[in-house]
Structures are given as structure tokens and as C-alpha cells.
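Chemist: Each chain, written out:
There are 2 protein chains.
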Amino acid sequence: MSALRAIKDVVGPKGEIASDDAAPFLSEWRGRWPGEAAMIVCPASTEEVAKIVKICADHNIAITPQGGNTGLVGGQIPSGDEILLSLKRMRRIREIEPLNNTMTVDAGLTLAEAQEAAKEADRLFPLSIGSEGSCQIGGIISTNAGGVNVLRYGNTRDLVLGLEAVLPNGEILSSLKRLRKDNTGYDLKQLFIGGEGTLGIVTAAVLKLFPLPAEKVTVCAGVSSARDAVALLSYAQNETGGAATSFELMARICIDLVLKHIPDTRDPLGERHPFYVLMEFSSGQKTGLRSDIEDMLAGALEKGLIKDAVIAENEAQTQSLWRIRHSISEGINGEGLGARHDVSVATSDIPAFLEKAGAAVARLAPGARVVAFGHIGDGNVHYDVVGAEGGGPHALDDKRAKIESAVYDVIDSFNGSISAEHGVGRHRRDTLAKRKSEVELGMMRAIKNALDPNGIMNPGKMI
Amino acid sequence: MSALRAIKDVVGPKGEIASDDAAPFLSEWRGRWPGEAAMIVCPASTEEVAKIVKICADHNIAITPQGGNTGLVGGQIPSGDEILLSLKRMRRIREIEPLNNTMTVDAGLTLAEAQEAAKEADRLFPLSIGSEGSCQIGGIISTNAGGVNVLRYGNTRDLVLGLEAVLPNGEILSSLKRLRKDNTGYDLKQLFIGGEGTLGIVTAAVLKLFPLPAEKVTVCAGVSSARDAVALLSYAQNETGGAATSFELMARICIDLVLKHIPDTRDPLGERHPFYVLMEFSSGQKTGLRSDIEDMLAGALEKGLIKDAVIAENEAQTQSLWRIRHSISEGINGEGLGARHDVSVATSDIPAFLEKAGAAVARLAPGARVVAFGHIGDGNVHYDVVGAEGGGPHALDDKRAKIESAVYDVIDSFNGSISAEHGVGRHRRDTLAKRKSEVELGMMRAIKNALDPNGIMNPGKMI
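Note that the protein sequences, when read in sequence, are chains Y and X. Letter 13 of the first sequence, counting from 1, is numbered 13 in full-length UniProt numbering, and no numbers are missing. Letter 154 of the second sequence, counting from 1, is numbered 154 in full-length UniProt numbering, and no numbers are missing.
Bound-form chain Y, shown alone:
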């Protein structure tokens, strides 16, 4: 086919992935959504991306853009005769300006590389997620990635000042502005942030940087209830003037599963508590944070908001506390597939959500265990359900769909989100179509049709 040959000519031999090397691109790490593609190409520049898209537009060939292939909803996996376009060769740091607190980078740079480059310039790029070693800037933008520092620094959306993208007709939207204020028309970049590659391909971005914090304090506290955890968040933020960068809730079962399945982990506190909160505070002030935190914890103990707490005394203790939090997913894997949800509600609604969802799960699957954890400072709960103890990894297989539907019903009743940070992709496309309002779906379709009338950008995903 002449179009494929023309694309080959654009990228040259270095830019084409041979079929023997295709597997890592066509399957995501857990093996769900095995993919197929007419061709896999890795262009080396924005111009090459534009030429490829133009050829595809002229021949009505669909394209699936791919970053680090770490997405959790299959948005990066093609399912037929699409061209898979990987950004992995585009990994330049175009410019770092400490005086402007900005960094301009190619879409294929990994998040860890971006963090490292910022640090070398004595600045912080605060986004932090589990896959940061391999996920790419273009991917975190297209999925509006969240992670553990959203409470203080926001989602990816809040960290992007400018954008370069190739539109579905092959034109280059060149808007790499390094500006913090620009009111000259619709903020077009917002459509690509969280757009999951359905409106174009992000090729570069200007990212916000921050001063490095001078002091950091990590605390793990045991609390009696989710309600106390939410009250503790408000109390801690008020007492420290919003110094919390992370505020992670873990139900006791999270600790149990980590201790059971992950070697070299230990119970963070002497006694068992119904819930634990892992908090990280940071400040640019050189002194005072630690004593503020100690005062705050003493006050919280006195008010009964916490039952016990430990402050990490060194980096090893900090890492050991975070290791528990980061091992929860693996701990859950040890119990089987279950039903998993990445949902959000208003932070103040978290206790009521947990109660209502828990009751719904108990009705559908008596004995099933709810493993709830997450970034409750942002209202984001990873609400996972695994089968009863000893029921085996497939105990919930026949109930998964019903449990998901029931949990989403509860989420809808709180005007929450059925996908707080992982996105829609293939995985939740049908669910979204059922649960989003007709007015919102109508607006989304109108925008998609206006910018990608032939539907060549990442078909079958999100919309």
C-alpha cells in the first residue's frame, strides 16, 4: 500500500519497528487488551509526526499514539489496522529556564527524566506516579495523570503552560508559550490534556517548575474511621497552612495484604487501627515545619482524631512507610483479580461513600473484602474488591460486572467520577457512554467531529 510506504519513507529505517520487535508495543504490562496494528512507527521529530498524520488523513488511516505504554485503561493499544505511533524517540529537553520556572520538553521524555532535569536546575517538577520511570510526558498530558502530590501541586493539567500538538489534519498547533497569563481566546491546550489522543498527538510541552522544598516531614497515623481521617486532613491543613503534599488513606486490610504478600515489610504502628493515614508535609521555610507538625499531631491526639502516630526520623523510615503505600496494588494482586475502581467524590463525602458502597458490595458478594485506599486529599479512592479469604483468585469473576455497576451507581449518587485519574480508554468507554449526561456527551461529540471529522485519531477510545 502506497500510504504505508510513504510513512516508511518519512521515518526511515530507524523509525520503523519490525514485527519481531512489535510485542512490547501491542500489549500492556498486565496483558489485557492485546493489540494489533498495521504498522508501528517511531518518528524522530514533530515534523515527521505531522507528515505521518497528513498521509493518514489523506488516506483515512487511523492512528493510535503511544507514550510509555503504562496506561491502565487500554487507551494506548490499537485494535486493528491503525498505525501505532510511538513518541519514544522524541526525548529532547528543549529548554530549562529556572528564572521563569519552566521547562520545555519533547513528548517522549520520561517523567523520571523530567523530574531529574528539573532537580539539576535546582527546581521541582512535582508530578509523581508509580510508573514514572517509563511513562512519558505526552502520555501524562494525554491522560491528565494525577498521583501522590496532587493535593499541593494539582494534576498534570495544572502543570502545563504550553503545548505543541499535531492535529488530525496534519497541521501543527504550535503553542509552546511559557506564560502564566494569556487571555487570548479559547484555551485550546486544555482539549489535549486528558484528551487521550482522540483530538491529536501531543509532541512537546512547556511545564511549570517550583522551588525545591527545604524541609519535609512524613507521618503515619492510625485513625478510628474514615470520618476521622477526613477531619484530620482539614485540621492538619489548617494548623500547617496547607503544608500537606500527600494525604493517603489506607484501610487496615491494605496493611494486612502488604504484610502477607510483600517481603521485608512491617506494621507501621504497634497496634492495629481500622484506618491509617500516610501524610507528607513540606515547606520552603528552613525551620519550623517539624515543630508545627508535632504540635498538630499532639492536638489531633487530644481531640481523638488520631490514636497513634509515628514521624519518620530519617530517609530510610520515610521510604519504609511509603513502601507500604506503594505495595498495596501488588498486595491486592496476591489475592486475585477482584473488581477494581478508580473513583472520586468530594473529600467530605468519602466516609458516606465508603459506607454506602460497602453495603452494596456486601449485598452482592457476601464475604468479599473491600480494599480501599487512595489520595483522599483529592477525594480519590482506589476502591478494590477481592473475594472472601481463601476463595481463590477468581472468586469474584462472575460478579465483577455487577459489583462495578453497583459501585458506579453509588458514585453517581454522590455526583462523583467513575474515573478519577486513570482515564477512560477502551476499558470504560461503554460505561462512560451510559453514565455521562447526554448534554456532556453531545458537547464531546460536537468537539470531536469538529476537529477530527473522519475519526482517525485513536478510534475506539474514550468517545
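What the hints contain is simulated information worked out from the structure, not anything from laboratory work. Every value quoted in this text rests on a predicted model; they were computed, and no experiment measured them. A couple of the hints might just be wrong.
All copies of an identical chain are treated as equivalent in the list; a pair is satisfied when it fits inside any one copy or across any two copies.
Stated by the list, open to error - The list that follows gives simulated cross-link-like pairs (lysine-lysine, BS3-like), each with its CA atoms no further than 30 Å apart:
#1 Lys51 <-> Lys434
#2 Lys436 <-> Lys216
#3 Lys119 <-> Lys54
#4 Lys260 <-> Lys286
#5 Lys54 <-> Lys436
#6 Lys216 <-> Lys119
#7 Lys303 <-> Lys216
#8 Lys434 <-> Lys14
#9 Lys14 <-> Lys51
For this one, chain Y is given, so just place chain X on it according to the hints.
Modeler: For chain X alone, kept in the frame of chain Y given last:
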């Protein structure tokens, strides 16, 4: 005409403005852009707004939405047979949730009322602009207002979590989510934020709240150059871990014009300096900020970044320093119309921008005086030019267009913005059409056509 009668029926007698009372709606405060409208209505609810828009859609009648009528670019003024739809009767605070740090309010609430309501709930709504006593929430959203606290808290865009809007077909987009994470499709609210009413009418919003700061320090420093001011910003942020909430640059002439035209003002420092920086720092920590600031100032003095500085010792001194900053526009008014610009560049480019723009102005209008000031922490410069001393208020009238064009050329050369915070409206519509890239204009038009195919929403503005 039956359509107008139908609209009257929707709003009732209380919702219609008689022609005797029309003047304050049809003219903005400086008397530019005198307006005309077929009818002025003030609906009392979102449902009434939706009914009115539906009638207008059915009869192809255009609508200009209006908030507090404080906009500086004429976006809120109709120019012919539009219906002027004022949100002023919709001013409910629907809900304040301190535990969730959110507030849900009607579009017609004034900014000052929103700030006050947040404070009563022991929270901060940080947006602060000169017109806050009369501008409305719907207006600040539609114009993505900025102001003096953007450095720390962002523009309006960063403060909106959820939105309710009436679309050009009369449908209600009901997305009053109180969520900090929601990755379920295109972030539709972004189109209305800064959309200047061209895609629909904002009727309510969920706003982000913050803990109240515990300590605040205000400093005025004299510096030798804009370059030193930019270096000082970076130094101060690094030394205090980003504690600056405001960082305002003022060229010496700003002080001179304030002293000349505004009674009861005084020189902030003993000697004259080429530039002044007004800085405000705040912290949630109960102690330590003042001593950090003192250390920082001592270091800045030693490095030669500042020549002198005064720390406000009480609220009266703080107010007196801010009064200078807030009186600059009035001081400039005392010198005549001149040519005024609300532009932004990367903060690090400010010194070079001032040099290059200054040279361009000097070529076009020898003797003209450049009065530059602004929020340089955000790269935002209010770059005003007045005639030579004693030349009278109309000295620059015949050169205004040429000066504006030259300043915008310089802005373009820095990839800056010709409207940092005031927006486009009527005033800069033609300029935008000339200076924005064809790709961006094309995307904007495609979105406008997709959502408002008959062009009834705020015609003649922005796009």
C-alpha cells in the same frame, strides 16, 4: 415581536429593565463602547436563563451576557439588537463545604461577597482584583480573571472545579462537580473559562477554597533594574520556598505619578530608585516567616539585588504600600489617555522586553513616557505610554495605533501574549485575528461553529 414578549413572560416584571434604567448596563465605566440592546433582562434562575436562550435560539436572536460590567475590553456590551442578559439577580451561595474546601455559588455573586463567605467559613478564596466589589463570579470565569495573587494561587481557571452553563441551544450543562480529580472525557468547563460568553452563559460554579494564611509579610524594595527585580523574585522564592503571593514591579515614574495625582500618598523609601518591587509573602506556618524574610532581604542586599527595603510593621503600613500600587492607573489617568497594554512574556524575558519595547516607543514618539508596572511574578506587565511632560492629555492620540502595533510586535518576538488578563472582547478582536496563528484561529472557529452554529452567543466579541 412575539419572541421578546415570550422572554418578558419568562422573567416577569422584576426581571425586565425599563429603558430609563438601561444606561448603567449599556455603557462601561470609562464610557468607551457605548452599547445598544433590543432588551435587557435579569433572569432569577438557571432555568429562566435556559428558557430565554431557547427562545433566542429558536428565533435567531443574539445574546450578550453581562456580569458586573467591569470588563476592560467591551466584551460585556451589546452593540445592536442583542438581548442583554444580566446575571445580577442570581446571587445565591448554594453551598460551602469547609471539609472539602469548596464553595458552590451562582454566577451573579460578586467576588467580594464570595471572598467574604469563604472567610466566614474560615477559608480563603484567593482571587483578588481591583473591581472585586462589583465584578461577578460568572464574569471572572468568562474572562479568566487574574489579579495580584496569581503567583501563588493561579488565575480563575485554576480555581474552578465545576461549572453550570447554558449552551447556545438552551440546554443546561450541569457539571457542578466538587471533585479535584475527574478524568472522564474532555474537560468541557475549560471552554467557558476565558470563553468571554461566546459559547454559552455561565450560571454557577464550584470554586476551590484554601486554608487562611497564618502569617503575612509585606515588603517594598528599591532595585536598580528590572533585571535585578527578576533575579530577586527567583532568589526570594528559593529562600522562602515559594512563599511569595504577590510580586509587583513599579518603575519609578509610577511612584511619581501617584505622588503627583493622588492625595495622601508618600514615597515608600528615603531615596529614589529606578524600580520598586512590592512583595507580599504568606505562610500557613505560625512562626518563622518574618525571620526568613529578614534573612532573605539581608542576603539580597549583600548580593546587590536590592538597594533598600522596608517591611510593613502593621496593617496601616501594609495598606499604605498597596495604596501606591493600586493608585497607579488613576495616576496615569491624570496624564491623559496614552496607549495602554496588558501584555505578558516569560518572567525571565521581562528585562529584554522592557528594553526593546522602550526603544520602539522612543522611535515612534520621542519624549513619551513609559509607565511600566505589573505582576511580574506572572510575567504580566501593564505597559502604558503617556505623552511627554506637559503635552496634554491628547498628546499621543495620533500615535496610539502605531505605538500599540509596535509594542505588540515586540510581544510577538518574545512569543508573549497581547492580552495577559483583560481578555479580547471588542477591543482586541481585530488585533487577535491578525496576530494569532491560522492554526489556532482555525481551531477556535471550528469549536465556535460546532457549539454555536448560528453565532448567537455574544457576537462581535473575541472571535
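Chemist: Please write out, lowest number first, the hints stated earlier that are contradicted by the structure.
Modeler: 2, 3, 4 and 8
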